[in-house]
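Each chain is listed here by its residues.
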Amino acid sequence: MLLELDKVSKHFRGLVAVDNFDMSVDAGELVGLIGPNGAGKSTVFNLITGVWPLTKGKIIFDGTDITDKRPHEVAELGIGRTFQLNPLFSDFTVLQNVVASFHLHPKSSVLGALFNTATYRRNEASIKEQSLEILNLLGLDKVKDEFGKHLPHGHRLVLGIARALAVKPKLLLLDEPTRGMSLEEIDLALGAIERVCQQGVTIVLVEHNMEVIDFCDRVVVINFGRKIAEGSVDRVRKNEEVIKAYLGDSNAD
Amino acid sequence: MKWKLPYLSNKGKIAKPGFWVGLLIILAVLPLFIKSPYLIHIINMTFIYILVTVSFRTILTSGQLPLAHAGFMGIGAYISAIAAKTFGVSPWLSIPLGALVAMGVGILIGYPFARLRAVYYAMISLFFGMLIISGVKAFAKWTGGAAGLTGIPPLFGFNKVPYYYFFLGLTAVSLLILYRLESSRPGLNWKAIAQSYMVAASVGINEARYRIIASAIGCLFAGIAGATYAHYSTVVGPTSFSFMATIMLLIYVVVGGVGNFTGPIVGIFLLMTVPELLRGFREYVPYISAAIVLIVVFLMPKGVAGLVNSFLSWLAELWKKRRTRDAS
Numbered sequence: 001m002l003l004e005l006d007k008v009s010k011h012f013r014g015l016v017a018v019d020n021f022d023m024s025v026d027a028g029e030l031v032g033l034i035g036p037n038g039a040g041k042s043t044v045f046n047l048i049t050g051v052w053p054l055t056k057g058k059i060i061f062d063g064t065d066i067t068d069k070r071p072h073e074v075a076e077l078g079i080g081r082t083f084q085l086n087p088l089f090s091d092f093t094v095l096q097n098v099v100a101s102f103h104l105h106p107k108s109s110v111l112g113a114l115f116n117t118a119t120y121r122r123n124e125a126s127i128k129e130q131s132l133e134i135l136n137l138l139g140l141d142k143v144k145d146e147f148g149k150h151l152p153h154g155h156r157l158v159l160g161i162a163r164a165l166a167v168k169p170k171l172l173l174l175d176e177p178t179r180g181m182s183l184e185e186i187d188l189a190l191g192a193i194e195r196v197c198q199q200g201v202t203i204v205l206v207e208h209n210m211e212v213i214d215f216c217d218r219v220v221v222i223n224f225g226r227k228i229a230e231g232s233v234d235r236v237r238k239n240e241e242v243i244k245a246y247l248g249d250s251n252a253d
Numbered sequence: 254m255k256w257k258l259p260y261l262s263n264k265g266k267i268a269k270p271g272f273w274v275g276l277l278i279i280l281a282v283l284p285l286f287i288k289s290p291y292l293i294h295i296i297n298m299t300f301i302y303i304l305v306t307v308s309f310r311t312i313l314t315s316g317q318l319p320l321a322h323a324g325f326m327g328i329g330a331y332i333s334a335i336a337a338k339t340f341g342v343s344p345w346l347s348i349p350l351g352a353l354v355a356m357g358v359g360i361l362i363g364y365p366f367a368r369l370r371a372v373y374y375a376m377i378s379l380f381f382g383m384l385i386i387s388g389v390k391a392f393a394k395w396t397g398g399a400a401g402l403t404g405i406p407p408l409f410g411f412n413k414v415p416y417y418y419f420f421l422g423l424t425a426v427s428l429l430i431l432y433r434l435e436s437s438r439p440g441l442n443w444k445a446i447a448q449s450y451m452v453a454a455s456v457g458i459n460e461a462r463y464r465i466i467a468s469a470i471g472c473l474f475a476g477i478a479g480a481t482y483a484h485y486s487t488v489v490g491p492t493s494f495s496f497m498a499t500i501m502l503l504i505y506v507v508v509g510g511v512g513n514f515t516g517p518i519v520g521i522f523l524l525m526t527v528p529e530l531l532r533g534f535r536e537y538v539p540y541i542s543a544a545i546v547l548i549v550v551f552l553m554p555k556g557v558a559g560l561v562n563s564f565l566s567w568l569a570e571l572w573k574k575r576r577t578r579d580a581s
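The listed protein sequences correspond, in order, to chains H and W. 1 is the number of the first residue of the first sequence in our numbering; add one for each residue after it. 254 is the number of the first residue of the second sequence in our numbering; add one for each residue after it.
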């Protein structure tokens, strides 16, 4: 098992955002985490990546307890993630975004950078090469010299994935990778996710778009911070509680 | 709240290395032609303040507004001055001592302060700067209090020319170090943190660590500048290191251009050196300075250095177009 959440809870003062939430992800899976707005999906991501401390529970990743780890430590262990808002460094170019994200592989010392040592130059050359590879893989090579802030919305979110790949993740957490995209943009994003999957990266994604959810091996449904269903897409679709959560009682199809 | 700064890409450089080597050579022979000690003094002060302002901007690139920066210059100045005057330490040893103490304090306050961002950091550092000044006034027995500390042992006696070469060398080497850091991996991390600390942390950049590194380096060079200044002027007073002094640093950087490494240098030259040279018109100088600040703030969002950059790249573009037209 690559990732295991064990009875995870998060309270914001009186508000229970995540409640006794269990989830496990095997290596190589593509898991969808779905639920209505405000159900606690993004909160789960923020708990895994150490943005917020847990109120209760335990998170194990790849045999390591990451419950109390901070965001940069979680990244070091091999969890990459994207963000819904602010997905990138907007004053850097696309290439600089990915290059700046290669902080860990390989890692350079401050003194090495200051004296421009041979090792440092070699590291930076390899980083640039790997960054260009990632941009090629995700279809962003044509816009590599554009500034982040000048990119269209869809490209920004895909650049978020490119950035996350720079930590060489074993597990990738994608927070609504197709949010607010046009049809062509969704194609770009889906293509990107598919190619990342083929590289053998395990993915958990939060999504509303059914087209994306259909790709998933398995979905976990969350509502009011609790897991209400889990299983294959088809099975979950027929689940009473899921239908109720999404459509309300009187409106079931 | 997020602190937004207008960064340029690394492409926006004012000139190639050749320009700087040429400038260095011109500066090296300049004292042979300048006979006025007063003019040499102005250039010496310009060197010192370039160092302070560029190191101020280094901390700014990591997304923090260090409102105690002149205070750190003061820590370097007073520690070195007291060590040399009261304890008889050679200035050659007391200057590094003062600089290292400034860096140490920079790291110490950097540690708890690294958790604070933007406005909160600015506020806390402002209070810390005031604390430094209060400390100077409170320990009047050592520091001379508000009246200032006099009789600090000079580094080279009273001829200004040796100081000129000393400051030229010191500033050149320091700027080279700061430039190297900014244009390589540490600088990339600083700018990444400044733009989005969440995204930076998600790729493994330790935000606190890099903010402390920026603070340590900035304070080290502020300390060096302060300590050498003390043994140059032989008199230091708390007003040079007050909150107002830091605000002046901020004005130099904003006028010169935050996004450019050369910005602070341009700002110092326009707002410190030129007004000093115009001291025949002393009563008008504040108006001229204010006018420069207003013009820059309203018309040049990237500062004077940013404008010069844009102009140069416009010229280069024009030149390229002409060449391609001639070729076809």
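These are calculated hints, taken from the structure and not from any lab test. Do not take every clue at face value.
Unchecked claim - Taking lysine-lysine pairs in the DSS-like style, the calculated list, with each CA pair at most 27 Å apart, reads: (1) H:K142 x H:K128; (2) H:K69 x H:K170; (3) H:K128 x H:K107; (4) W:K573 x H:K144; (5) W:K574 x H:K144; (6) H:K227 x H:K56; (7) H:K69 x H:K227; (8) W:K573 x H:K142; (9) H:K142 x W:K574; (10) H:K227 x H:K58; (11) H:K168 x H:K142.
To be verified - So, partial list: chain W residues that the calculated Cβ filter (under 7 Å) puts toward chain H: (12) L441; (13) Q448; (14) I458.
Predicted model, so just to flag it, every value in this text is computed and none were measured. The C-beta atom is built at its ideal place from N, Cα and C for all residues, glycine as well.
Evaluated hints:
Taking the CA atoms of K142 (chain H) and K128 (chain H), the gap is near 16 Å; set against the 27 Å cutoff, the hint holds. With a CA separation close to 17 Å, the supplied pair K69 (chain H) and K170 (chain H) stays within the 27 Å bound. For the given pair, K128 (chain H) sits about 13 Å from K107 (chain H) by alpha-carbon distance, which is consistent with the 27 Å threshold. Annotation: proposed proximity of K573 (chain W) to K144 (chain H) holds, straight-line Cα distance about 22 Å (limit 27 Å).
Of the pairs offered as hints, the one joining K574 (chain W) and K144 (chain H) holds, with about 23 Å between alpha carbons and a cut-off of 27 Å not exceeded. At most 27 Å may separate the alpha-carbon atoms for a hinted pair to count; K227 (chain H) and K56 (chain H) meet this at roughly 16 Å. For the proposed pair K69 (chain H) and K227 (chain H), the alpha carbon gap of about 24 Å is at most 27 Å, so the pair holds. About 23 Å separates the Cα atoms of K573 (chain W) and K142 (chain H), which keeps this hinted pair within 27 Å; it holds.
About 23 Å separates the Cα atoms of K142 (chain H) and K574 (chain W), which keeps this hinted pair within 27 Å; it holds. About 16 Å separates the Cα atoms of K227 (chain H) and K58 (chain H), which keeps this hinted pair within 27 Å; it holds. With a CA separation close to 23 Å, the supplied pair K168 (chain H) and K142 (chain H) stays within the 27 Å bound. Against a cut-off of 7 Å between C-beta atoms, the interface hint on L441 (chain W) holds, since the closest Cβ of chain H lies about 5 Å away.
At a threshold of 7 Å, the smallest CB-CB gap from Q448 (chain W) to chain H is about 5 Å, leaving the interface hint in force. Checking I458 (chain W) against chain H by beta carbon gives a least distance of about 5 Å; that is within 7 Å, so the hint holds.
Checked against the numbered hints listed earlier, the structure breaks none of them; every hint is satisfied.
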